[in-house]
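Peer 1: Chains as they are written, first to last, in full-length UniProt numbering: chain A, 1 to 785; chain B, 1 to 229; chain C, 1 to 174.
Worth flagging that the hints you see were computed from the coordinates, not collected in a lab.
We put the CB at the ideal spot given by N, CA and C, even for glycine.
Hints may contain errors.
To be verified - One side only, chain C facing chain B, incomplete, derived with CB under 7 Å: (1) M126; (2) D140; (3) L142; (4) H146; (5) L148.
Said to hold, decoys possible - Dumping the calculated SDA-like pairs for lysine to any residue here, alpha-carbon to alpha-carbon at most 20 Å: (6) K135/C / G44/B; (7) K140/B / S158/A; (8) K691/A / P142/B; (9) K691/A / G147/B; (10) K135/C / R192/B; (11) K140/B / S416/A; (12) K691/A / G44/B; (13) K135/C / D212/B; (14) K221/B / D116/C; (15) K140/B / W177/A; (16) K557/A / V604/A; (17) K28/C / D116/C; (18) K557/A / T534/A; (19) K119/B / W406/A; (20) K691/A / A174/B; (21) K221/B / I114/C; (22) K221/B / L165/C; (23) K691/A / R85/B; (24) K221/B / T161/C; (25) K690/A / R192/B; (26) K221/B / Q118/C; (27) K221/B / D166/C; (28) K140/B / K557/A; (29) K119/B / G402/A; (30) K167/C / S43/B; (31) K140/B / V604/A; (32) K135/C / S193/B.
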Amino acid sequence: MKVRQWSRDLGLGLRFAFAGGREGWFRVLLTAVGVGLGVALLLLTTAIPNALDVRHQRDEARLDYTYDQTHRPKGADTLVISDIDGSYHGADLRGRLVEPEGPRAPLAPGLSRYPAPGEMVVSPALRRLLDSGDGKLLRERLPYRVVGTIGEPGLIGSQELAYYAGAKGLASHINGWQTARIKEFGRPQASGSSSEGLDPVLFLLVLVVFVVLLMPVGVFIAAAVRFGGERRDRRLAALRLVGSDSRMTRRIAAGEALAGSLVGLVFGTVFFLLGRHLAGSAEVLGISVFPSYLNPSPALAVLVALAVPAAAVLVTLFAMRGVVIEPLGVVRTAKPARRRLWWRLLLPLGGLAMLAPMIGQGADNGDFNEYLVVGGVLLLLVGVTALLPWVVEAVVARLNSGGVAWQLAVRRLQLSSGSAARMVNGIAVAVAGAVALQMLFTGIEGDYTKATGKDVNKTQMQVQLQPGDALGPAAAKFAATKGVRKVTALGGFQVGDGSFNTEEGPKVQTSVTVADCASLRTVATLTSCHDGDTFVARGGDKEMDAQAAQLTKPGRKIFFNTTRGNVDGPDFRWSVPGGLRQVRAVADVNGNVSPGFLMTPAAVPHRMKSLISGQVYLSLDESVPDVHEYVRNTAARVDPMSDTQMWAATERSDKFTSIRTGLLVGAACVLALIGLSLLVSQLEQLRERKKLLSALVAFGTRRRTLSLSVLWQTTIPIALGLALALAVGLTLGAVLLKMVNATVGIDWASVLTMTGIGAAVVLVVTLLSLPPLVRLMRPEGLRTE
Amino acid sequence: MTPPPGSLLAAEDLRKAYGPTLALDGAAFSIHPGEVVAVMGPSGSGKSTLLHCLAGIVPPDSGSITYAGRELAGMSDAERSALRRSEFGFVFQFGQLVPELTCVENVALPLRLNGTSRKQAERAALTWMERLEVDGLKDKRPGEVSGGQGQRVAVARALVTEPRVLFADEPTGALDSLNGERVMELLTDAARSTNAAVVLVTHEARVAAYSDREIVVRDGKSRDMERAV
Amino acid sequence: MSIGHTLLGLLESGPRHGYDLKRAFDEKFGHDRPLHYGQVYSTMSRLLKHGLVEVDGIEAGGGPERKRYAITDAGITDVERWLVTPEKPEEYLQSTLYTKVVLALLTERDASDILDTQRSEHLRSMRILTDRKRKGDLADQLICDHALFHLEADLRWLELTAARLDKLREAVTR
Chain A
1 MKVRQWSRDL GLGLRFAFAG GREGWFRVLL TAVGVGLGVA LLLLTTAIPN
51 ALDVRHQRDE ARLDYTYDQT HRPKGADTLV ISDIDGSYHG ADLRGRLVEP
101 EGPRAPLAPG LSRYPAPGEM VVSPALRRLL DSGDGKLLRE RLPYRVVGTI
151 GEPGLIGSQE LAYYAGAKGL ASHINGWQTA RIKEFGRPQA SGSSSEGLDP
201 VLFLLVLVVF VVLLMPVGVF IAAAVRFGGE RRDRRLAALR LVGSDSRMTR
251 RIAAGEALAG SLVGLVFGTV FFLLGRHLAG SAEVLGISVF PSYLNPSPAL
301 AVLVALAVPA AAVLVTLFAM RGVVIEPLGV VRTAKPARRR LWWRLLLPLG
351 GLAMLAPMIG QGADNGDFNE YLVVGGVLLL LVGVTALLPW VVEAVVARLN
401 SGGVAWQLAV RRLQLSSGSA ARMVNGIAVA VAGAVALQML FTGIEGDYTK
451 ATGKDVNKTQ MQVQLQPGDA LGPAAAKFAA TKGVRKVTAL GGFQVGDGSF
501 NTEEGPKVQT SVTVADCASL RTVATLTSCH DGDTFVARGG DKEMDAQAAQ
551 LTKPGRKIFF NTTRGNVDGP DFRWSVPGGL RQVRAVADVN GNVSPGFLMT
601 PAAVPHRMKS LISGQVYLSL DESVPDVHEY VRNTAARVDP MSDTQMWAAT
651 ERSDKFTSIR TGLLVGAACV LALIGLSLLV SQLEQLRERK KLLSALVAFG
701 TRRRTLSLSV LWQTTIPIAL GLALALAVGL TLGAVLLKMV NATVGIDWAS
751 VLTMTGIGAA VVLVVTLLSL PPLVRLMRPE GLRTE
Chain B
1 MTPPPGSLLA AEDLRKAYGP TLALDGAAFS IHPGEVVAVM GPSGSGKSTL
51 LHCLAGIVPP DSGSITYAGR ELAGMSDAER SALRRSEFGF VFQFGQLVPE
101 LTCVENVALP LRLNGTSRKQ AERAALTWME RLEVDGLKDK RPGEVSGGQG
151 QRVAVARALV TEPRVLFADE PTGALDSLNG ERVMELLTDA ARSTNAAVVL
201 VTHEARVAAY SDREIVVRDG KSRDMERAV
Chain C
1 MSIGHTLLGL LESGPRHGYD LKRAFDEKFG HDRPLHYGQV YSTMSRLLKH
51 GLVEVDGIEA GGGPERKRYA ITDAGITDVE RWLVTPEKPE EYLQSTLYTK
101 VVLALLTERD ASDILDTQRS EHLRSMRILT DRKRKGDLAD QLICDHALFH
151 LEADLRWLEL TAARLDKLRE AVTR
């Protein structure tokens, strides 16, 4: 009986929603777009873990584990592979040199066969890049013929730049970290757990990001189903006139909202599919995905499909609590009861209470209880939406004196502080969440960002050459490269008092630095220097100096380190000649002081030349466009396996970057959504006041006054909303930081940025609503009859 | 044709079209200080458009409007707005009171727009509300008062700047005859006491009877009955 | 207006002299036209004849105005019957104005001009009445309103006719 009545009334509402003529359709459409965007975002969010999972699996499957220390003989099923990752114009470039050693060599995922020497297979994105004008410099670096495309299973994103190039003689480069002989792809069983597993702090971050993004979406959906509320109320009054009772009316209203949210579900699915498709061609800070990765888990999708319409109905019923619809019109409970503070305060306090027990857990790497985290953060943020109406009401009631524009705005707010608060709730929640997250990020950034301690003023790039690459000619090539100012090329190897081929190695060790005189002067103070000279340097810490002193005694027999990774080399002994000049070592470009031998190239015994692995430090004129790419090209010419690094003041953990990016993208989407809903309600409100506006203009009100009053009307609640958001956000941030045991500090720059973004949304919305306002203020509005 | 000597506001040969509809087609008008002129005519005859043109709310397509020797057609929108603020007052049929402001704040609004301080403006507003017998409503909002009371508040607002011309567009249209006549009495009494001219657009003869003379508008053309006789 | 019934009604509150009757009538109803003594005399003799009033007494000096009249039971019944009988609504089916308009149309004169002039004249009367109403007491106001509403009715007819002149022209010139 009751169910039948409900379904009958809801059905009636549904029919009304669609039969309401142009206006009814417009309302349904508006609600549907709002709900649709929310649903799309929800679906996308539920799909992200899945996408990341697929990405992770793909990444695991193609792993070539080059760090394996076990010695493997060449066989019919082995492959020698070398990692030569690089970057091009800021994008990561995954590169592999491959040399199958037999017919059963393991095939990398996505490949049908290996390219022959001088050939390569590339990812579709790389092929596009190479074919385009942008790829000109990269073509020079990769002088291989493209013979195929890497299939999707071999890639982790649609925009990934990757290639496999065929090579010869790779086996001689096997070194236990860059080049290895492998029998299979994928993570070897021996290396333990199949995945790194998210560190609890990162896990906390991800949880909070999701909650922070989804909360405003919820608030937005709640606002969307109320679009066009005043017109609907009038229509419902007409229904009352023909005899429906107040409860029926409410259910009919809920039915109308249901219509909007059902259409919204369809829209949301379409938006999601569109977004999914777009996601395939987009790349966010080096992360791209294939559309097929973005599949929400069915259970979550069903949950969204059920929860959104249900929420729409509930929100409408809740919203109509304070509205009495009488047959002849709508009576808003004339003076609504003053909003109470206590239960509103309970929400954020409850949130704090849920988070408090976890304070300090980050230190011992204990896991956070995900339910408590989500619940606590949710309560704190919901607290914003509960507190904001109270704050707006309390503050606005005290505002008074001011100009006409101010007075108009304040009086309007006093009369309808609730709807004003509702308008900014979304932004407030988004900003509060974002501020907390920003704080969390900056607070723990130190843990995840290594200070490299490098001086980027003198050196901007570093190229590591392979052992045996001739240092002098390489340095000359770099010096001749466009945009290179200064080249410092330092080679080196280790010497010890015993053989490096034994299990324990030599007890006493020191280093040999090989370089021309100019480069040697960067590591030691030399009075005179000629090619063929050898020096003994002192000046490091005591222990190192003592070891060096032992090994540099004239006549001392010392061993050279000839091992290459896990591969033993021939023992080679050398007796220290007499009469070596003592010099003082100084801090090199890396900031290290290394005592030991300093040799000019001509002084190096011939047999040792192939042992020297060189580092080239480059000082660049960074105003030259593409200077980094020129250097990388030169490095590839010197040796394709050379490793080029940019020097930056700090390096950020990759994982961290992706979370931060997710937050930024999400926050942008959410704020755009909220801006849209603000604009819609603003326009609706203006349309309803068309006649009044025209009358005000008739008696000489300046357009500026009215525009200003519209601005104030949004600015006052937004300012209050932002203030509250900051308070809650900073509190939440401080608690989260305490939870991970990081020092609590406020990064004002990012706080201001988030606040600024929120304020910018208001400004944009106000600006966008001005043209319609000016149009409504035209005297034509007075013509009605 | 030149405006009759001594006229405060005069218009000649006004033309105004809204799209294909010709709202005014050569209408003329003149009014002296202290005079109450009714603009009559059937619905859609162009009465309201004539009022909007005379008040400088809508610029006519052609024709001249002179107010106190100044040509309205040559003024910018800002100048016309300023003129409306300081020299003209307006009463409409409905939808003119700002629902959020209290009655006294509504009445004080035109003064505030002219830069008068809030206190002073509200004091002056209260005096006018007393004259229109609605001072008891000062702290009520427009939604809480009756139609007749609201219209009196609107009249008080129109008069608070002591305008030299009061434009009233169907000021009693939404009222019963008793309330309507009371509003008309108060309006014309107050206008006479300040020597303001009143342009009264109405289609009701009994309202028009409060005027000194009438002008009939039909098909966008006007006819001044006094001068015609 | 029936003067006989009015005078009868005035007598209901008590016997009066003819002179008092005239004064009471003028005061209450005779704003526009005061009664002549002759009118009072002739009316009273008619009422006497029909037995609706009787002579209550005669003061010294003689003359018709010296007689004191009192109402009879028949008179009271008569007043009552008059009061409860609704007045027949007047129908101005053949008004002069209509004749004028039709004539103007037939002779191809400007009929709307006639209507406008008539409206102006009506409004002039209405202004005078409105002015009197504003200055007068409640009785004045009610009386003026009565007249004003009648004039307004005429004006409505004028408006309607003005709006239908073209159709009327077709009808009368066919």
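Peer 1: Holds or violated: K28/C with D116/C, Cα cutoff 20 Å?
Peer 2: violated (36 Å)
Peer 1: Can you verify the interface hint for M126/C: is its Cβ closer than 7 Å to any Cβ in chain B?
Peer 2: holds (4 Å)
Peer 1: Does the structure keep K557/A and T534/A at a Cα separation of 20 Å or less?
Peer 2: holds (16 Å)
Peer 1: D140/C was flagged as interface toward chain B. Is the shortest Cβ-Cβ separation under 7 Å?
Peer 2: violated (14 Å)
Peer 1: Hint validation: L148/C versus chain B, beta carbon distance must be below 7 Å. Holds or violated?
Peer 2: holds (6 Å)
Peer 1: Would the hint linking K119/B and G402/A be met if the CA-CA limit is 20 Å?
Peer 2: holds (11 Å)
Peer 1: Does K221/B pair with D116/C here, judged by a C-alpha cut-off of 20 Å?
Peer 2: holds (13 Å)
Peer 1: Checking one constraint from the list: CA of K691/A to CA of G44/B, max 20 Å. Satisfied?
Peer 2: This hinted pair holds, its Cα atoms lying about 19 Å apart.
Peer 1: Below or equal to 20 Å on CA atoms is what counts here, so check K135/C against G44/B.
Peer 2: violated (35 Å)
Peer 1: Given H146/C as an interface hint, is the shortest Cβ-Cβ distance to chain B below 7 Å?
Peer 2: Hint violated; H146/C Cβ to chain B Cβ min 12 Å, cut 7 Å.
Peer 1: Does the alpha-carbon distance linking K691/A and G147/B stay inside the 20 Å limit?
Peer 2: holds (17 Å)
Peer 1: For K140/B and K557/A, compute the direct alpha-carbon distance and say whether it is at most 20 Å.
Peer 2: With Cα atoms ~107 Å apart, K140/B and K557/A exceed 20 Å; violated.
Going through the hint list in order, the structure does not satisfy hints 2, 3, 4, 6, 7, 15, 17, 25, 28 and 31.
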